[in-house]
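Protein sequence lines correspond, in order, to chains A and B. Going by the numbering used here, the letters in the first sequence line up with residues 1 to 600, in that order. Going by the numbering used here, the letters in the second sequence line up with residues 601 to 1021, in that order.
Wrong hints could be hidden among the right ones.
Chain A stretches covered by chain B per the calculated footprint, using a threshold of three residues with CB under 8 Å from any CB of chain B [said to hold, decoys possible]:
id, stretch
1, 380-386
2, 398-407
3, 426-432
No lab work stands behind these hints, which were simulated from the structure alone. It should be emphasised that the depicted structure is a prediction, and the values quoted were computed from it without experimental measurement. Note that beta-carbon positions come from the ideal geometry of N, C-alpha and C, so glycine has one too.
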Amino acid sequence: MIAGAASNLEPASHPIAGRRVLVAEDSPTTHEILKLLLTQRGHHVDIATNGEEALEALRHNHYDVALLDFHLPKLDGLRVATIAKSELQERDLPRLIAITADLPGLLAHTGDCENFDLVIRKPLDIYRIGRLLEEQAELRDQQQIESLEPGPQTTPLSARNSLPSAARQPFAIEGLGYDFLLWPEDIDTRRLSARAMQASLGDPRFDAILITQPVSVEALTSLWERKALYVLPIVDLTGTLGRMADFDGTELSKAATERLGRLIRDFQDRRARLHRELLFSDKLGEQLIGRMFVANRPLTAALDPRYSHLASYDVPLCRRLVTREAEALCEHALVKREFFERFHICPSCGSYRLHVREECSQCRSSNLSEEQYLHHFRCAFQGPEADFRRGDELICPKCHHELTHFGFDYDRPGTMIMCGSCGHAASEPSVGFICLDCGVHTDSDVAATRDVFSYQLTDQGVSFAEKGGAVLGYAREVLRFADLPLELVVALNAAAKRYNEDKTPFALVNILYGKESEVVAEFGARRFAQARDLFIENLRNALPKPNTVVKGQAHDFALLEAIGPEQAQVDFDHLKERASRTLSVDLGAMFQAFGPEDFS
Amino acid sequence: MWQTTSDGITYLLSQSGESLLRLFWFVAIFEIPRYTLGFVSVVALSFRPKEERRHLSGADRVTVLIAGHNEEDSIERCVRSLLEQSRLPDEIIVVSDGSTDRMPEKLRRLQERGLIKEGHCTQVRSGKSAAVNLALRRATGDAVINVDCDCTFDRHALKKIIEPFADPRVGAVAGNIIVGNADRSLVTRFQAIEYLISISQGKQAADLTDQMTCVSGAFGAFRRAALDRVGGLDAGGGEDLDVTLRLRSAGWRTLFAADAISYTNTPETLAALVRQRFRWERDAVRLRYRKHRSLLNPFSSRFTVSELMHEIEFGVFNVGAAIIFPIYIVWLFTTYGDLALMILCGAQAGMLVLDSATFVMAALVSPEVKALPLAPYVVGYSLFNGFVMRFVRLAAYLQEWVVEASYRDTYVPSKVHRVRR
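Start from the sequences, fold in the hints, and give me the full structure.
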């Protein structure tokens, strides 16, 4: 199983120009695996096992990307990056990527940590690391091209909030201290700036996309083709996007800025809860789920006369694509429909913009007038009022008696719709449509109709957003090998090897948090993440050394050596109690134990 | 009982011609002439030269008018049968007279599909006359054909009914009406025989002598100019008899087209039939002796021999016979005691023979009616018509004479009754 999984770690589906990569990592298993992986993809990999070696390598060789572990012997990764940045020419400087399990520790060095171009949290996702490196290398290429060309100004990552302001009024919104990506300065339909590319790789530092020039919804479709950009809130300074934007920035009152702050916080909070699979998905349907989840609102349709389909959704995506994808998601019960409106469609051009008119059923003229007819009881004459009218008197044209008293000698039993163009009369007018876009006439009863729905996430859609494809049934096994962090794979490999050699047992404990959603709902995703980290740390201390406690995506794991799953279970309650001791919230941790037999 | 019966037979057989007349004076006065007229007309009909109207179009443009109240079930079938005609109507105008069912919706759909030209719906009921007048106001045809919703038509009915208009003196043509639901009940079978004798054959005979006085509202054609000139239909029931009498007074000829065949549904229960006949007879009396009484006044400008003929016929054979019959029975029983019953049976036996002969002859001159299946019911018809219907008629006449019941008829809205002439 382990060997099998390793062989399809990363299909070399993208033939990519070989890059030079420096891996500075003190754990031999990790750098072995990384070397294997990256070499398979055609890259040249150098290994440094401590900080000094890494710095030497950087000084003497030219790399596209350097992966630096934060905690390196002799000289930590942060120092290496800082020195390299100050010593090397920009041309020689590789993309510097920090690898760390101690993100708070790294970020604590506020000034220096910005010398890294990207931070990757441990455990490493071996399925993505290859792509990530390649993207970073491309980014570097592009930055170098940009710095040579006099084109759009590039914005260094470190220059927070220093927005390019050439030929643009300074916006009050810029002073609010958020890190905005600008449309079209950072992102447009053809290119991304370095900052935008950074954001597209899921960098959590970016707060929102600021639309500074009028843009069409079709152009905004490019946001969805750029990975994680689609989950950033859209702040519209132009007022042209209407409800497709998440925030209307044309007028910034105090209340509005507070609202913007809340919106950005909520988006950040929910972005952190969105599963990576969706964050980086290139499937529009999955992105739509991600967007609904992060924006925390249903896809609500509304009337919008600007479009020939008369309806738009509150996402920066055209109605046709939203409908197509949302309908497909309905099939999978990830979203559910709610009826919004029924439209009639022009059979000629498909537009929904139809002029509705009452018209003559014979000649289709709308030149209609309503005529009441009178019934003269005593002689049974019944005809239009005009037949009776003589000045202010009503005289029956048949018997020449005057009509004197409504209800006594005459009444008005009904009306006739007279056509002023052809003279036809009917008891009711027909209803017809004229297409405002192509001018074609349609009878109301033959015009096809189309129903437009709003969509909201189902419970299954929400858990898909949080937990990824694992909930969708095509990977129902409790333990999906691909979900396991790299560190654990390596450790498991070793344990399995020992088991095969001398039957030394091991137990893999899968740690699930049963009360995750409750804790998140009550205290927020960040609080949950903190509590989970603490839980893991406590567990690590509580277990006999050596142990391997690894943080995974949805679950965490502990590998216990020289003990079988049955024996391990005896201690579970005790372990849980110890690990939870200093926690202020109850995570509802559950342990599942697997032994060597489960992996055969 | 047996003794009475055999005595009665013996008594009847022993009568001479003169004493028989004394016994059966009622039959001699009221029945024999009626049948004789019938027989004569049938003979005349069989010698009548077939008029060459064929291929003669009596009208360039034909409008069909349909007025109905709550006819959601039958209107479409009626329209479709009209669209099956060999001579298609140029326009169909339907009026829903204050319908409370889904008839207005049906009309809208028929109009949308182009099956009818115009469909009008009044929100309150105006009565059949007013509804037809409204449609007439919208009609553009030279001939307008008035049909009932529950009628269906033979394929050539329209072509045949407008042929007589080739004669410019003709103002209205009555269509031949056959009972379409004869096999539904005994009452409908009796009516089928009655329609055969009184309409299919009777109106042919009347036509011969220019005595056709009722262009039935169920299927009748009018020259639009003629109808417009007399002001269309008048308020109140019996509007078909009324308008025919007015057209005749205005100098128009009214004819019967035996080969313009429609089928109608008659009342299926005795109660419904009695209600219908009460209405018809009341209206007939009201129209003939109130509204059109000038036809009986020799000093009136409207008085003509031709009109007098049908007034006499109606007065003697319908009103007279109905009133005298009970008197005859009373006289019979007071004079002859027990023998009266046998005498009555004898009279009925004679009537049966006459009725059977009439039926056979009517069937002969009206080949369009399937008469053979009705033959077994002639005996019952004879009794039913001779006793039951005669008393129904009498009751209707008395009611109209004494309390003017036709003015409370629900067939016409009460607002109209209140003010009409």
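>> Is the listed coverage of the stretch 426-432 of chain A by chain B valid when you require three or more residues with a beta carbon under 8 Å from a beta carbon of that chain?
In response: holds (count 4)
> Would you say the stretch 398-407 of chain A counts as covered by chain B, given the rule of at least 3 residues with C-beta under 8 Å?
Replying inline: holds (count 3)
> Are there three or more residues in the stretch 380-386 of chain A whose C-beta lies within less than 8 Å of some C-beta in chain B?
Replying inline: holds (count 5)
Going through the hint list in order, the structure satisfies each hint without exception.
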